[in-house]
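Protein chains: 2
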Amino acid sequence: MTTLDLLIQNLTRLPGVGRKSASRIAYYLLKADAAYAETLAREIAELRERIKSCSVCGNYTEGDPCGICSDPRRDRSVICVVEQPQDIQTIDSTNEYHGLFHVLQGVLSPIDGVGPENLNIARLLSRVQREGAKEVIIATNPTVEGDTTALYLVKLLKETGVAVSRLASGLPVGGDLEYADRLTLARSLRGRTPLSL
Amino acid sequence: MTTLDLLIQNLTRLPGVGRKSASRIAYYLLKADAAYAETLAREIAELRERIKSCSVCGNYTEGDPCGICSDPRRDRSVICVVEQPQDIQTIDSTNEYHGLFHVLQGVLSPIDGVGPENLNIARLLSRVQREGAKEVIIATNPTVEGDTTALYLVKLLKETGVAVSRLASGLPVGGDLEYADRLTLARSLRGRTPLSL
Chain A
459 MTTLDLLIQN LTRLPGVGRK SASRIAYYLL KADAAYAETL AREIAELRER
509 IKSCSVCGNY TEGDPCGICS DPRRDRSVIC VVEQPQDIQT IDSTNEYHGL
559 FHVLQGVLSP IDGVGPENLN IARLLSRVQR EGAKEVIIAT NPTVEGDTTA
609 LYLVKLLKET GVAVSRLASG LPVGGDLEYA DRLTLARSLR GRTPLSL
Chain B
459 MTTLDLLIQN LTRLPGVGRK SASRIAYYLL KADAAYAETL AREIAELRER
509 IKSCSVCGNY TEGDPCGICS DPRRDRSVIC VVEQPQDIQT IDSTNEYHGL
559 FHVLQGVLSP IDGVGPENLN IARLLSRVQR EGAKEVIIAT NPTVEGDTTA
609 LYLVKLLKET GVAVSRLASG LPVGGDLEYA DRLTLARSLR GRTPLSL
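These protein sequence lines are chains A and B, in that order.
Taking our numbering, I'd label the letters of the first sequence as residues 459 to 655.
Taking our numbering, I'd label the letters of the second sequence as residues 459 to 655.
In case anyone wonders, no lab produced these hints; they're calculated from the structure.
Here the structure is a predicted model, which means the values were calculated and not measured.
Be a bit skeptical, because a hint or two may be false.
Heads up, the list lumps identical chains together, so a pair's fine if it works in one copy or across two of them.
Below 16 Å or equal to it, Euclidean Cα-Cα: the simulated EDC-like pairs (lysine to aspartate or glutamate) are [unchecked claim]:
| id | residue 1 | residue 2 |
| --- | --- | --- |
| 1 | K592 | D545 |
| 2 | K613 | D634 |
| 3 | K616 | E593 |
| 4 | K478 | D545 |
Extracted from the complex, chain A is given alone in its bound form:
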């Protein structure tokens, strides 16, 4: 196998990169300026050395604790629980939430052999007790696993006395009733919000 074939094969392992995209990327790297290919290679090689998990919340970070945990302007009375580090940026980009985060590093999934002991749950409980949070918002995905994990966390957190909420599930903004699936529509009915003038 040639160097080019090996690179193409390895590129197809990346998410969203098929055989054709991998080939286009490889040929692009051959034609692009040498400095770019070098920089990209160095960044990929150094990524895992430089980026660690925040010891407080589990977010990816270069310093410890991470920028969010150490930001004095953040509201320390709320903790938003997410599945993956990348969910933090997604939620942060709404500019609607200014509290802290906690990364579970997955969801409960018996089929994949993921139980509570494999998730970053113990540290969440000690954070809630130690930091005196008033509310925990559970922002796991609205999937079977995400919902199960949310229910499991509610039970655990009940003892600490903290208020627990879950991201609303329903119709996406700009969506169309006609194209909504039954489960989503059922949830949006159950979770309907009162309207008043």
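Please build the complex by placing chain B on the supplied structure of chain A, with the hints as guidance.
Relative to the frame of chain A, chain B by itself:
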């Protein structure tokens, strides 16, 4: 800017990789096994050192001349002229062509400042004369630039006495007349092939 942001920004320069894909790839690299990220980085870094242009045809290769030019089973009486090295693999994968190739490294494009002197044309002429090819198949893309380049080459090659042909342009196999654009349909009419039992 953090290491992660820099990597994401650099990944978006790759063809077909937008902001969202770049972010997914970066997070995937953080979670994937370390050996994979290292291998990928090394391959990208070494790519340009190891892969050169074939001095005969202009194909990307690790040895010189390339595997196709040095393959004794290839039909040396036909040369297929393509725009880019990656076109060689595309044509080769049809298993319909067993001759040699010649890479122009582009097409004539006055707007982009690409004239005949910027293309790998002089070497094509000397190859045709020296190697005694009987046919040259011009496989530039069926675009304005590709067609112009084909016409230019026909004029040049006329003097050498070699037969020159062009890839057929017409309806794609499995396509539908209804969805064909007018230009393609017009070409498929002009280039119609006789049918007989």
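Checklist entry - From the Cα coordinates, with 16 Å as the cut-off, is the pair K613 and D634 best called within, between, both, or neither? => result neither (35 Å within a copy, 59 Å between copies)
Checklist entry - Quick one: K616 to E593, C-alpha cut-off 16 Å, is that within a copy, between copies, both, or neither? => result For K616 and E593, only the intra-copy Cα distance (11 Å) is at most 16 Å; the inter-copy one is 81 Å.
Next on the checklist: Cα distance capped at 16 Å. Does K478 pair with D545 within a copy, between copies, both, or neither?
Outcome noted: between (29 Å within a copy, 13 Å between copies)
Checklist entry - Which holds for K592 with D545 at a C-alpha limit of 16 Å: within a copy, between copies, both or neither? => result Neither: 22 Å inside a copy, 62 Å across copies.
Comparing the model with each earlier hint shows violations of hints 1 and 2; every other hint is respected.
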